[in-house]
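> As a plain string of letters, each chain reads:
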Amino acid sequence: MSFRFGERFLRSPELFPARRAGEAWGRNAVAVDFGGGPYVFTGLSAEQEAAARERFSGFCRQGAVPREGIECRVLRVSPEEFRSFDLRGFELTLDLDAQADAVRVAGLGLMARLEWRPSLAAALWTASSGDDAFPGILENVLRMLAAYRIAECGGALLHSAGIVDGGAAWVFVGRSGAGKSTLSRLSLGEGRAVLSDDLNAVSWGAKGCWVSALPFAGDYHGAASEILPLGALCQLRQGQGHRIEPLSRAEGLAALLAAAPYVNQDPHRLDRLLSNLEALLDRAPLHRVTFSLEGGLWEALRAAHEVRV
Amino acid sequence: MIEGTMVFRRCRDVRYRIVGAEAVVVRQSGPEVLVLNGVGARVIEGVDAKTTVAALVARLAEEYDVDPQTLERDVTSFLSELAESGVVEKMEASDVR
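These protein sequences, in sequence, are chains Y and Z. All residue numbers for the first sequence refer to this note's numbering, where the first residue is 1 and numbers rise by one. All residue numbers for the second sequence refer to this note's numbering, where the first residue is 1001 and numbers rise by one.
By construction, these hints were calculated from the structure, which means they are not laboratory data. Among the clues, some could well be false.
[Claimed, not checked] If you anchor each label on the Cβ, the simulated ranges turn out as follows:
| hint | chain 1 | residue 1 | chain 2 | residue 2 | range |
| --- | --- | --- | --- | --- | --- |
| 1 | Y | A304 | Z | N1037 | 22 to 28 Å |
| 2 | Z | R1059 | Y | R185 | 47 to 53 Å |
| 3 | Y | D219 | Z | G1030 | 23 to 29 Å |
| 4 | Z | E1062 | Y | R192 | 49 to 55 Å |
| 5 | Y | E68 | Z | V1096 | 49 to 55 Å |
| 6 | Y | G295 | Z | M1006 | 52 to 58 Å |
| 7 | Y | G205 | Z | E1084 | 38 to 44 Å |
| 8 | Z | E1081 | Y | E47 | 52 to 58 Å |
| 9 | Z | G1030 | Y | A304 | 29 to 35 Å |
| 10 | Z | S1080 | Y | I227 | 46 to 52 Å |
| 11 | Y | G189 | Z | E1081 | 39 to 45 Å |
| 12 | Y | E190 | Z | G1020 | 34 to 40 Å |
| 13 | Z | R1012 | Y | R185 | 40 to 46 Å |
Positions of the beta carbon are idealized from the N, C-alpha and C atoms, including for glycine.
The shape of chain Y in the complex, shown without the other chains (with noise of 0.2 Å):
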């Protein structure tokens, strides 16, 4: 079943905002700092604040909220605005509509606009005051804002556990089961630190491929922003075994692209994602890896691969 722009959440959706403008819900702001960012939340409530500082609590700037940084005006909006309905066996997901200046989004309890003019800067317009709705609204506004501005600074967000090794964060991206959070499960319980089992940003510079921690988690993840280089990339499969094999450049993007959430819809901005992808694989290297739950996974992997550093 199809479904227009909006009308699975909003009564409404043909009165979506045309432009960041609305009344704020309050004066306060919070900047969540991590990879192209600070993202700066502003015309919070108290109320809302202290929910944004919990939720992202080790990634929050302290002191003065600064002046530079992706703009989020956070504003009222009546709860009329939005549909309800049984979340029971809902699967949750955000509508996009992605224009050449913009990307319009609307989802569970959330309006967004994200705009290019020329710098981007977005809004979210929502009826949750701070109570238990509003973190997880602010993080689904936050995750989307984050994979756009990562990929214009030449990066990506993937869908990946992050997982600590040898000083450098390998990143396994990978279908919806297989494997991430086992393995970042088995991983912890080596001893090696996850970043997430669930988003994590990766770019690339004059001095290599980086990773960057990032506020979004499914069961594992680290506690503050956090910047390392990139061990490699792999497509994780969970099979009998182990098995560490070499990729085709086609089949990595490939796999690197499917994990890359919101921009990979999106036709205006798919390109430079490509292109962004493509650079980290002329860059890292590039495993297909099998695993299985017996131990030596990562003796394997060290086997296989030298870690660039």
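Please arrange chain Z on chain Y, whose structure you already have, making use of the hints.
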């Protein structure tokens, strides 16, 4: 049944990039990402809203040392798969440039 006079185009939400000898194809509405081998890459390049299936097969026959009938069968079968997957669609005769 695909015939030599038919013309196909890539669906509106499909983008592709040639990578070496292969191609990465994205169906953005999914999103879904496919990897095509060398021949598949040449097919997706050739599906350009103006080339007939027969012309595409003839072009590929010049590039690959394959029996023409086998090539025609493989290309039409592959186009069927791409059409079923929503990657390409058959054009109406009135829309062909």
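> With reference to the structure, classify each hint as holding or not holding.
Comparing the hints with the structure gives:
no.	hint	result
1	Y:A304 - Z:N1037: 22 to 28 Å	25 Å, holds
2	Z:R1059 - Y:R185: 47 to 53 Å	52 Å, holds
3	Y:D219 - Z:G1030: 23 to 29 Å	26 Å, holds
4	Z:E1062 - Y:R192: 49 to 55 Å	54 Å, holds
5	Y:E68 - Z:V1096: 49 to 55 Å	52 Å, holds
6	Y:G295 - Z:M1006: 52 to 58 Å	56 Å, holds
7	Y:G205 - Z:E1084: 38 to 44 Å	43 Å, holds
8	Z:E1081 - Y:E47: 52 to 58 Å	54 Å, holds
9	Z:G1030 - Y:A304: 29 to 35 Å	32 Å, holds
10	Z:S1080 - Y:I227: 46 to 52 Å	48 Å, holds
11	Y:G189 - Z:E1081: 39 to 45 Å	43 Å, holds
12	Y:E190 - Z:G1020: 34 to 40 Å	37 Å, holds
13	Z:R1012 - Y:R185: 40 to 46 Å	42 Å, holds
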